[in-house]
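Participant: Here is what each chain is made of, one letter per residue.
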Amino acid sequence: MRSRLNSLFDALLPVIATLAALAVGAVMLLLLKVNPIEAYAALWDGAFGSSNALAETLVKATPLLLVALGICISFRGDVINIGGEGQMIIGAVLATWVGLTFVGLPGWLVITLALFSGFLGGAVWGGIPGILKAYFNVNEILSTVMMNAIAVQLMNFLLRGPMIDPSQAQLASKIPQTARLLDIFHLPRLAPTRLHLGALIAVMLAILVYILLWRTVLGYRIRAVGQNPNASRYAGIKVPRYVVLALLLSGAFAGLAGAVQVYGVNYRMITDGSASGFTGSAGFNGIVAALFGQLHPLWSIPASILFGALLVGANTMQRAVQVPSALITVLNGLVVVFVVSSEIWRRRRQHRRLASAKEEESSTKQDQPQAQTEEAKQ
Amino acid sequence: MTESRILPSGKTRIESLEMRGITKRFPGVLASDHVNFDVKTGEVHALLGENGAGKSTLMKILYGLYRPDEGEVLLDDKPVTISSPNDSINLGIGMIHQHFMLVPTLTVAENVALGLPSSRGVLTDLDHVSKRIVDLAKIYGLKIDPDAYVWQLSVGQQQRVEIIKALYRGASLLILDEPTAVLTPQEVDELFTIMNQMVRDGHALIFISHKLHEVVEISHRVTVLRDGRKIGTRPTSETTKQDLANWMVGREVGFIPDRGTQNMGEVRLSLDTIKCGSDRGTPGLRGVSFDVCSGEILGIAGVSGNGQRELAEAITGLRRVTSGKVYLEGQDITNLAPGDITDRMLSYIPEERMRDGMIKEFTIAENMVLREHHKQPYSRNGFLNLRGIAAHTDKLIQQFQVKTPSRDTHAKNLSGGNIQKVVLAREISRNPRVILAAQPTRGLDIGATEYVREQLIEQRNKGAAVMLVSEDLDEILALSDRIAVIYEGQVMDIVPREIATPQMLGLLMAGVHPEEGARVVK
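Sequence order for the protein chains is A and B.
Residue 162 in the numbering used here sits at position 156 of the first sequence; the count goes up by one each step and never skips.
Residue 107 in the numbering used here sits at position 26 of the second sequence; the count goes up by one each step and never skips.
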């Protein structure tokens with residue numbers, strides 16, 4: 007009974023953490039002399055209030071979900087990929103190059119090629135830290151963060167120089183952006199809103215990632231390596247290879263997110279000098295969405311929608327109750343901090359429960375069937 | 082009683098300790114069910130039982146690590162409350178844990194002083210401590226140098242440091258938790274000498290063990306626990322090993338499994354002067370050679386840490402062989418990838434089953450195919466065949482009597498014995514040509530131990546070549562056809578079981594050839 011309550015509590019923990027974050031946000035709103043109920047009503051309205059609002063939420067959720075899918079793979083393989091931002095950028099740059107180069111080809115072919123090259127670009131950008139970790143024991147958290155910095159500078163260089171919009175090149179302003187993609191290369195819209203095919207692709211990929219992780223040899227091995235590299239090696243699995251693959255696939259999904267962002271929303275690349283100027287921090291928020299979804303690809307779908315809604319709704323809220331835009335960032339940050347901390351807390355609790363269960367087991371009759379079923383329920 | 086009530090250590094002795102009606106419940110389990118237990122000055126009272134019988138629970142209650150749900154503890158007929166190890170130490174109760182609680186980089190004196198207030202306030206008083214250690218060592222006949230670093234000491238010496246530590250803290254009653262598990266036969270004899278001396282001096286000792294011959298040799302009374310209940314207490318002189326074993330298990334126990342006739346065949350596994358490093362960078366194996374044939378069990382005896390782990394890992398490809406060759410059925414498999422060696426039908430039951438042999442977060446089914454998941458019928462074209470895996474798992478669960486709620490239960494929720502059955506099932510069901518079994522029964526209760534041993538013998542009789550690494554001499558003697566003794570990364574000798582005796586193996590395990598040993602004694 008207690009164990010069932012425990013697992014229910016664990017499942018609801020991200021929701022509780024989100025509510026707690028919103029409660030803290032409410033206190034801040036009060037300090038700013040804003041009615042929090044009014045503010046949160048505006049937030050809800052902005053995210054889900056109309057078909058347009060809903061579409062915007064889903065548009066924002068799409069890159070989050072794609073990044074989150076990659077995170078599900080890498081975290082399951084016990085590799086921490088913080089390089090989603092850089093991988094998105096490289097994927098986007100490569101995809102944009104495809105769209106600007108092969109202008110004579112049919113639209114469907116260029117879109118396919120572009121999404122594929124986005125996937126590939128991200129894979130390379132994730133694969134490099136993967137190889138460094140697997141064969142040279144370089145900490146992947148550090149290397150992926152550094153790869154982010156390199157990707158940003160590469161983007162800035164390309165968009166100011168080789169890839170700059172020819173019309174901008176002649177102007178004095180020289181806005182660092184590429185030319186706009188041909189209309190036939192845009193991802194098809196799904197409704198008379200900004201909602202595009204990318205959202206559908208992301209959901210389909212979520213199902214594919216689920217199959218990958220639990221129905222294929224590759225997924226089995228990635229999870230095995232993530233859970234216990236010793237036993238994996240013993241079982242004959244080449245551990246380093248699957249460390250690389252986990253990071254590579256993770257990067258690939260982020261790269262795809264970048265490509266989808268260009269072909270579905272922006273139709274060109276433009277930089278303000280920072281990574282988030284292009285990604286909207288989806289490379290980081292995707293991690294939160296994946297954790298929120300318990301690193302499960304299918305649960306990552308609602309998790310991504312929630313964060314998409316927060317992003318879109320917050321804008322409406324800002325306009326409606328006149329709070330500084332920094333507060334929106336704070337609110338997002340609060341949700342991230344609360345959810346990530348709750349996840350860490352959940353793991354510790356689980357560890358303690360396991361430890362005490364072990365303790366009891368070692369000092370009691372081992373083959374007691376009731377004891378096992380009791381523990382199994384946890 | 083004419084003798085004084087003061088112990089040689091200067092502490093007042095405990096005349097009697099009694100635990101009455103001790104009951105301790107854990108969720109779903111009654112770990113201790115109205116157990117009565119007592120110990121008197123000048124006796125060794127053995128506590129005997131299988132894993133999970135409630136021995137540890139009872140002693141943890143006495144040492145203040147658990148609080149009982151019911152029952153009381155009486156010290157010299159007065160009720161006492163023990164709510165922490167500090168309380169028990171203050172009452173004169175000491176415990177020698179199975180795993181030593183020593184800091185290897187500190188000296189003996191520093192270890193003894195650790196955690197105690199110094200007589201000089203913020204400054205240390207190690208000279209006082211050293212002097213006291215020397216005094217205690219003289220009184221109890223414990224040879225120990227207070228200035229030696231613990232990492233320099235042998236396991237037996239480290240155990241003496243633990244005993245000194247307890248005596249220094251004024252222990253009158255000592256709980257010894259499986260103290261012989263890590264010792265060579267010679268070291269066991271020395272420990273027993275010390276224990277006898279302590280008993281003569283008026284200490285009370287509680288001796289926890291599941292080795293019957295030791296219980297019979299050292300104890301005055303013996304109490305048997307089973308399933309958290311006390312089966313009975315008797316003077317040791319009025320019992321036999323067979324009685325105690327039957328008490329412990331609750332049924333008739335055959336000690337030495339029927340090994341059947343041996344049909345030794347061709348050489349399956351052959352090692353030619355293998356050398357490799359250890360995790361510490363020191364030499365792990367220093368030129369090991371032997372053959373294992375079809376239809377035989379080669380036992381590898383030795384005190385832990387003499388290269389057994391390195392040996393198993395070098396053969397299975399988990400550790401790099403720096404020189405020498407390993408042949409499997411005549412083919413050179415030296416330094417092949419572990420997967421390639423596995424695929425040549427070499428099975429390995431690893432020593433640390435939870436660390437190496439199992440993935441705790443995986444289900445039983447997923448663990449069952451750890452080795453074969455990439456082959457038909459468990460997968461096809463890169464996709465797992467969940468139905469094939471399930472059918473295989475259900476068959477093995479039944480065949481190997483794994484107690485689990487379902488095949489989708491996570492491995493972490495199984496007991497040690499059932500985990501080992503899963504490993505065994507997985508490794509044996511492949512019909513391997515060679516089986517490496519490292520400490521296959523360590524930590525298992527008698528029932529599970531018997532089962533594992535029977536399975537190994539059955540594999541041998543079916544013609545597999547079995548290499549059994551064990552620190553348990555009884556096990557080695559019960560199962561092996563030939564016995565190789567490993568000491569400091571070298572094989573001291575290989576002897577047929579018919580002529581092997583525990584004394585002879587004990588000397589070899591300590592690095593002494595029996596002939597030399599005889600000469601030294603003369």
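Hints in this document: simulated from the structure, not taken from any laboratory.
Treat the hints with care, since some could be wrong.
Stated by the list, open to error - From the structure, some residues in chain B lie toward chain A, with a derived Cβ separation under 8 Å: (1) Ala418; (2) Gly420; (3) Gly438; (4) Arg452; (5) Leu465; (6) Gly469.
Note that beta-carbon positions come from the ideal geometry of N, C-alpha and C, so glycine has one too.
Participant: Each of the hints needs a verdict: does it hold here or not?
Facilitator: Structure-based check of all given hints:
1. Ala418: At 7 Å from the nearest chain A Cβ, Ala418/B passes the 8 Å test, so the hint holds.
2. Gly420: 3 Å, holds
3. Gly438: 6 Å, holds
4. Arg452: 5 Å, holds
5. Leu465: 5 Å, holds
6. Gly469: With a closest approach of 13 Å, the Gly469/B hint is violated.
In summary, the one numbered hint that this structure violates is 6.
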